[in-house]
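Chain by chain, the residues:
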Amino acid sequence: MNLLAKNSPKERDNALLVAVAAGDRRALEELYLSYHRRLARFLSRFTPRYENIEEIINDTFMVVWQSAKDFRNASQVSTWIIGIAYRTALKSFRRQKNHNVAVSLEDYPEQTVDPTSDAEVNDWLTHGLRRLPVEQRLTLELAYHMGHSLEEIAVITDCPVGTVKARMFHAREKLRQYLPSLGGGPSDLPARIG
Amino acid sequence: MTNHRRFENSAEHHEVSALIPWYVNDTLEDHQRERVDSHASACALCRDDLRVHTRIFEGIGAQPALHYMPVASLKRLQARLDAVQAQGDSAQMAPLEPVRSESPWRGWIAASIAAMAVAIGLLAADRWVQFEARGEQANYHTVTSAAPRPRDEVIRAVFAPTITLVQLQSLLDEAQLKIVSGPTEAGVYSLASNSTLTVRSSLALLRQHATVRFAEATAPEPDSGNAP
Chain U
1 MNLLAKNSPK ERDNALLVAV AAGDRRALEE LYLSYHRRLA RFLSRFTPRY
51 ENIEEIINDT FMVVWQSAKD FRNASQVSTW IIGIAYRTAL KSFRRQKNHN
101 VAVSLEDYPE QTVDPTSDAE VNDWLTHGLR RLPVEQRLTL ELAYHMGHSL
151 EEIAVITDCP VGTVKARMFH AREKLRQYLP SLGGGPSDLP ARIG
Chain B
1 MTNHRRFENS AEHHEVSALI PWYVNDTLED HQRERVDSHA SACALCRDDL
51 RVHTRIFEGI GAQPALHYMP VASLKRLQAR LDAVQAQGDS AQMAPLEPVR
101 SESPWRGWIA ASIAAMAVAI GLLAADRWVQ FEARGEQANY HTVTSAAPRP
151 RDEVIRAVFA PTITLVQLQS LLDEAQLKIV SGPTEAGVYS LASNSTLTVR
201 SSLALLRQHA TVRFAEATAP EPDSGNAP
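Chains U and B are the protein sequences, given in the same order.
Per the working numbering: the first sequence = residues 1 to 194.
Per the working numbering: the second sequence = residues 1 to 228.
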């Protein structure tokens, strides 16, 4: 089944999911290939290990295969799939106590790079994000990399809008501490960021 | 400074501040966007926050894309799906739960089924009695049931699993035996005599070889009384 000719990604996703619900393995494969990259990027914020990322993606699509018939269009297909991946990742996180997601400042050496240099920003940002608790880090990733709205993130993470706001608030506060130069005085930033 | 603190502590400031990440990723409704614009024009803290988060937003978006191999992962998913499907197929073979019906004929149907079951039971019992009386053997056997022995079998033997076909044939030639049946599930061969050599001699020849794990005569020879 080739549904790539559908008008929009949303329509294509809907058509593919309907086919998956009817037991069409090719539709599942098409959906898998179209989401793999996005999910891999999202999950790399959760774990850098590819085998873990692959396992979470495949667990996600096992759920998609088994639950497609229960999808009621209450959200977009993409939101539904990313929500499954989010919950699968959290379950995996709780199972693996020896994951390499750091939540302690002591796990990282003191920054020696200049965060105001564009060349260092990415690396520095990666370090800053790693120090956040997983829910806060994934909330930032959902908003800033995947471009989801507040309401979509609430659906994906299966929690109230207020909880998403609170997670984002705490993530911002911590990033402000970790990335002090980015959070510098008003006079310091406009020239670099503007 | 007073103006700055007034904004920082206001409910409006906190509400607008909470919207900044979604202002930055451009997913706010128009009226929310206008609210942020209006507030930020008078609030230095929010303007600062907007700049910081625009930078973070751009930084996260600019991080290098990962290049994985989705096809290899997909193959592993397909294998899992195949396994689940195979399990599902075998589950369908299991007896289904009886369907409950509210029909007034249900009692009669149940009674008819019971009567049929009794009749089938009686028929089966009758057949079993006849079967037993004829002394027939069932046309199946289990692993533990004794398989019928070939008529000319004189020795039963088990060989080492590592024995080659050439070694086995050489062994049988030496003991002047031939395979008439086997191997069974337990690896037992039935051997018949291929010459005038006595069973005891063949047995002795077999037992000399380390590749023979087990060898026993299945029927006493006429001269077995002289055996040590």
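Hint data in this document are derived by calculation from the structure and do not stem from the laboratory.
In this text, all values refer to a predicted model and were calculated from it rather than measured experimentally.
Misleading hints may appear alongside valid ones.
[Unchecked claim] Result set (SDA-like, lysine to any residue): computed pairs, CA atoms no more than 20 Å apart in a straight line:
#	chain 1	residue 1	chain 2	residue 2
1	U	K10	B	T27
2	U	K174	B	L81
3	B	K75	U	K10
4	U	K174	U	P133
5	U	K91	U	T79
6	U	K174	B	T54
7	U	K174	B	E15
8	U	K174	B	K75
9	B	K75	U	T79
10	B	K75	U	P133
11	U	K174	B	F57
12	U	K69	B	Q85
13	U	K174	B	I20
14	B	K75	U	K91
15	U	K69	B	T27
[To be verified] Footprint (simulated), chain B over chain U, 3 or more residues, beta carbon under 8 Å:
#	region
16	11 to 21
17	45 to 59
18	77 to 90
19	140 to 154
[To be verified] Facing chain U, according to a computed beta carbon distance under 10 Å, are these residues of chain B, among others:
#	residue
20	P21
21	W22
22	T27
23	F57
Heads up, the beta-carbon is just placed ideally off N, CA and C, and yes, glycines get one too.
Now the hints, each set against the structure:
no.: 1; hint: U:K10 x B:T27; verdict: holds (17 Å)
no.: 2; hint: U:K174 x B:L81; verdict: violated (42 Å)
no.: 3; hint: B:K75 x U:K10; verdict: violated (26 Å)
no.: 4; hint: U:K174 x U:P133; verdict: holds (10 Å)
no.: 5; hint: U:K91 x U:T79; verdict: holds (18 Å)
no.: 6; hint: U:K174 x B:T54; verdict: holds (16 Å)
no.: 7; hint: U:K174 x B:E15; verdict: holds (19 Å)
no.: 8; hint: U:K174 x B:K75; verdict: violated (41 Å)
no.: 9; hint: B:K75 x U:T79; verdict: violated (25 Å)
no.: 10; hint: B:K75 x U:P133; verdict: violated (33 Å)
no.: 11; hint: U:K174 x B:F57; verdict: holds (16 Å)
no.: 12; hint: U:K69 x B:Q85; verdict: holds (16 Å)
no.: 13; hint: U:K174 x B:I20; verdict: holds (16 Å)
no.: 14; hint: B:K75 x U:K91; verdict: violated (23 Å)
no.: 15; hint: U:K69 x B:T27; verdict: violated (29 Å)
no.: 16; hint: 11 to 21; verdict: violated (count 0)
no.: 17; hint: 45 to 59; verdict: holds (count 5)
no.: 18; hint: 77 to 90; verdict: violated (count 0)
no.: 19; hint: 140 to 154; verdict: holds (count 10)
no.: 20; hint: P21; verdict: holds (5 Å)
no.: 21; hint: W22; verdict: holds (5 Å)
no.: 22; hint: T27; verdict: holds (4 Å)
no.: 23; hint: F57; verdict: holds (5 Å)
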